[in-house]
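Each chain is listed here by its residues.
Number of protein chains: 2
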Amino acid sequence: MQPKNNAYGARRDFGHGDDFTDMEVSRALRNHGSLYEGLATDVTPTSMHFLLCHFDIPVVDVGQYRLSIHGRIRRPVQLSIDEILKMPEQSYAVTLECSGNGRKNFHPRPKSQPWNDTAVASAEWTGCPLGPLLEKLGVEIDASEILFTGLDQGVEVDEVIKYERSLPIDEALRNGVLLAYAMNGQPLTPPHGYPLRLIVPHWYGMASVKWLRSIEVLDREFHGYYMDKAYRNKSSEDEPGAPITLQKVRSLIIPPGVRYRHDGRRLLKSGPVTLQGKAWAGRQSILRVEISLDRGRSWKDAKLRKSSSEFSWTSWTFPWNAERGRYEILSRATAADGSVQPTSATWNYLGMENNSVQSLSVIVE
Amino acid sequence: MQPKNNAYGARRDFGHGDDFTDMEVSRALRNHGSLYEGLATDVTPTSMHFLLCHFDIPVVDVGQYRLSIHGRIRRPVQLSIDEILKMPEQSYAVTLECSGNGRKNFHPRPKSQPWNDTAVASAEWTGCPLGPLLEKLGVEIDASEILFTGLDQGVEVDEVIKYERSLPIDEALRNGVLLAYAMNGQPLTPPHGYPLRLIVPHWYGMASVKWLRSIEVLDREFHGYYMDKAYRNKSSEDEPGAPITLQKVRSLIIPPGVRYRHDGRRLLKSGPVTLQGKAWAGRQSILRVEISLDRGRSWKDAKLRKSSSEFSWTSWTFPWNAERGRYEILSRATAADGSVQPTSATWNYLGMENNSVQSLSVIVE
Chain A
0 MQPKNNAYGA RRDFGHGDDF TDMEVSRALR NHGSLYEGLA TDVTPTSMHF
50 LLCHFDIPVV DVGQYRLSIH GRIRRPVQLS IDEILKMPEQ SYAVTLECSG
100 NGRKNFHPRP KSQPWNDTAV ASAEWTGCPL GPLLEKLGVE IDASEILFTG
150 LDQGVEVDEV IKYERSLPID EALRNGVLLA YAMNGQPLTP PHGYPLRLIV
200 PHWYGMASVK WLRSIEVLDR EFHGYYMDKA YRNKSSEDEP GAPITLQKVR
250 SLIIPPGVRY RHDGRRLLKS GPVTLQGKAW AGRQSILRVE ISLDRGRSWK
300 DAKLRKSSSE FSWTSWTFPW NAERGRYEIL SRATAADGSV QPTSATWNYL
350 GMENNSVQSL SVIVE
Chain B
0 MQPKNNAYGA RRDFGHGDDF TDMEVSRALR NHGSLYEGLA TDVTPTSMHF
50 LLCHFDIPVV DVGQYRLSIH GRIRRPVQLS IDEILKMPEQ SYAVTLECSG
100 NGRKNFHPRP KSQPWNDTAV ASAEWTGCPL GPLLEKLGVE IDASEILFTG
150 LDQGVEVDEV IKYERSLPID EALRNGVLLA YAMNGQPLTP PHGYPLRLIV
200 PHWYGMASVK WLRSIEVLDR EFHGYYMDKA YRNKSSEDEP GAPITLQKVR
250 SLIIPPGVRY RHDGRRLLKS GPVTLQGKAW AGRQSILRVE ISLDRGRSWK
300 DAKLRKSSSE FSWTSWTFPW NAERGRYEIL SRATAADGSV QPTSATWNYL
350 GMENNSVQSL SVIVE
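These protein sequence lines are chains A and B, in that order.
Residues 0 to 364 in numbering that gives the first Met the number 0 are what the first sequence lists, from first letter to last.
Residues 0 to 364 in numbering that gives the first Met the number 0 are what the second sequence lists, from first letter to last.
By construction, these hints were calculated from the structure, which means they are not laboratory data.
Watch out, some of these pointers could steer you wrong.
What the hints assert, rightly or not - Here are the simulated DSSO-like cross-link-like pairs (lysine-lysine), alpha carbons at most 27 Å apart as the crow flies: (1) A:LYS228 <-> A:LYS161; (2) B:LYS161 <-> A:LYS268; (3) B:LYS268 <-> B:LYS233; (4) A:LYS161 <-> A:LYS268; (5) B:LYS268 <-> A:LYS161; (6) A:LYS233 <-> A:LYS305.
Stated by the list, open to error - From chain B, some residues computed to sit far from chain A (all C-beta separations above 10 Å): (7) ASP18; (8) VAL58; (9) ARG65; (10) ARG73; (11) SER79; (12) THR125; (13) GLY130; (14) GLY175; (15) SER234; (16) SER235; (17) ARG258; (18) ASP262; (19) GLU309; (20) VAL363.
What the hints assert, rightly or not - Derived coverage of chain B by chain A (criterion: at least 3 residues anywhere in the stretch with Cβ under 8 Å from a Cβ of chain A; other residues may be distant): (21) 20 to 34; (22) 42 to 51; (23) 101 to 108; (24) 114 to 124; (25) 335 to 349.
Glycine residues also receive a C-beta, built at the ideal position from the N, C-alpha and C atoms.
All chains, please: the whole structure from these sequences, using the hints.
Okay, here's the thing in C-alpha cells:
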C-alpha cells in the first residue's frame, strides 16, 4: 500500500493545479468539515461540527412555526415548538457522517462538495423520540414509509425543489430517532436546522432532515430527487444504483504534534506519545482498530473505549515511542459483522461511502 | 463593465477544471465564509460568522489560563479569566473582514484560502476595553507598539511559529479595542478564540488575535512572519509591500429569491422586491451605496440605515419592480473620504484587499 495523500488529502506537490472547479470550491466555502482536532473530544462542540446545507439557510419565525404530521395517521396534528418541548425528552450523543465524506480522495474525483475525511462529528442531541409520538397519533396499518420535508429549497438542475427524504416505517419508528430541538444543550443554530430537525442515528447524514416542515405517513414508496438521483451508490449517471443508508465502518486519527500549514503534515517531538482517534460503523459496534506505523506492512491493535451513548463513536488509543524519522500512520477499523475498512474503497459516480483507510504523514524530530 | 463571475464567484462554465489546488481546497474545508444569506441580519449569528484559523485550534484549560501583560509597563500582570470578567465591560457589534476576502476573484488567482466575497460578518462582542486597562497598568513613555501573541502555533514554511501581530500604540489604546470573552452573549467558541481574543474594530481580521496568550508593550518595531511576510499588499514575493491595516470600502448584496445549487445564480418571481445588503469602509462612514440593474451602465442610490454600533456595517435597501429577464445586479459603495469600490481592484501577490464591486446573477420569471 502506497498512500498518495496525507492526513488532509493534501498532496506533497501542493501548489500545482489539481483541477478543482469553482463549483467545488464554492461548496467548500459554504460547508465545512469538523477539523481533525475536533476528533479529540467525545462530544464535538457545535462550532466544530461539520456542516452541509443544500440550499440557503431558512430564516424561521419560531412563533409562526408549525410541524405538520399528516398522511396515513389517525390524528394528524400541527405542532408548535412549545408543544414539542412539553413532550417526553431524550438526550444522547449521535455520530453523524456525510455520505460524501472522503469524496475528494477518489480518482477521478466526482465533482460535488470536495470532502476530505472530516465530514463526521458527534454532538449531543436533545429532542422528542419520534416513534412513541407517531404511535400515539395512530399510524395506520398500511403505512410503509415516512416522508420528512425541510423548509430549505432551491433550484436543483432546472427546478425549484424542497429537500425531502423518506425512511422505511420500521427505520423511522426505531429507538434513537429524534425530533431534535437542541444540540449540546443549546437551541439548534440556524445552519444545524433551527428550530427542529430529524436525527437518525447510524444512517449517513442525508437522512437527518433539517428545518423540518412536515412529516407525512405514506402507504407507498416516495420518489424524489434526493432519493432517486442523489444519495445513490452508482457507477454512472444513468445507472439507478443502490440507495445510501447506514454508515460504513471507518476510523480516523487525531493528528499529533503541530501542523505544517501548507500541506497538513504533522511535526512531532521524539519520545513517548499516545496516538488517539475515533471509529464507528453505523449500527455495528467496533470490534477492533489496528494501527500501522509503516504504511500498512505491519499492524498492531489499539485499545478501545466505547462511548456512553450507543449511537456515538468508539475512542481508541495506541501508545507509541516515536523515534526520529518519517512515518505514514494508518488506522483500520473492523466492525462486529466482520466488515473492515478497505485500503481503497470502490469508486462510484457520486463519490459516496469512501471509507478507505486514512493516512497521516508525520515527521518526528 | 462585463463581470465574469456571478454572486458566488461561480463561473457559468462550472464543472470545467478551474485549477484550484488541493492546498486551497483543504483550507476552504477548515475555514468557511459567512454565507451570503448571513448578511440578512444586522448582527451575524455565531454559527454563520466567517472563520479563518491559521493553525490547529488550541485546547485551553480555562482554570490554568493566564493572560500575561508585560514589557514596557509599570505593573506587569498575569490575569485569570475570572479577574478579566470582573473588569469594566463593554458590548457592541463589530464588522470583521478577512483581508483576503475576494482573493479568488483575482486573475491570476493567488494560492491561499480561496475566499469568494463572504469573509465578512458583524457579531456582538463583549469584553474589557484594552486602552483603560493598559493605562491603569502604566504604559511607559517609550512604548511604541503592542505585541499580541496567540496560543495557536504550527509550521509556516519550515519553522514552528506562533501567531503574533503588533499594533502601533495609538491604535491599540484607541476606543473600541476589546479583550473579548463573549460573542453574541455566549462565551467564545473554540474556533473564535476561547477563552479570550482581541477585537480591533475597523482593521482587517488579522489584527484581532485569537486565543490571546500575552500582550507585550514594546519600545521598538516588532518583526515577525505575520507582519513582514504575510498580510502585505505586494506585487511579488520579494517586494516588501505595504502592511494591511484598515478595511477598504465595500458592499455586498443579500441574494433575493432562491439559489441555483450548481452555480449560485438566483431565481426570483417577477413583481416588487426590496433588494438589501450591507456596506462598510473601516474607520470611514458610508456616504452612498449605488445599485445597477444593467451591468453598470446606470446607477441609482440605495437608501442607507446606519448601525447602532459605530463599529458595525451600514444596511441598505433598494426597491425594485422586477420584470422577467436576466440581470447582473451590482452594488457600489462610497465612503466619507470619497473612496469608491473599484470595478476591478489592483491585483497583488497575496490576494489582499479585493474590494471590487460584486456582481449577482438573477433570473426573474
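Hint check:
no.	hint	verdict
1	A:LYS228 <-> A:LYS161	holds (14 Å)
2	B:LYS161 <-> A:LYS268	holds (17 Å)
3	B:LYS268 <-> B:LYS233	violated (45 Å)
4	A:LYS161 <-> A:LYS268	violated (51 Å)
5	B:LYS268 <-> A:LYS161	holds (17 Å)
6	A:LYS233 <-> A:LYS305	violated (34 Å)
7	ASP18	violated (4 Å)
8	VAL58	violated (7 Å)
9	ARG65	holds (22 Å)
10	ARG73	holds (36 Å)
11	SER79	holds (22 Å)
12	THR125	holds (17 Å)
13	GLY130	holds (29 Å)
14	GLY175	holds (25 Å)
15	SER234	holds (19 Å)
16	SER235	holds (16 Å)
17	ARG258	violated (5 Å)
18	ASP262	violated (7 Å)
19	GLU309	holds (27 Å)
20	VAL363	holds (13 Å)
21	20 to 34	holds (count 13)
22	42 to 51	holds (count 5)
23	101 to 108	violated (count 1)
24	114 to 124	holds (count 3)
25	335 to 349	violated (count 0)
Checked against the numbered hints listed earlier, the structure breaks hints 3, 4, 6, 7, 8, 17, 18, 23 and 25; every other hint is satisfied.
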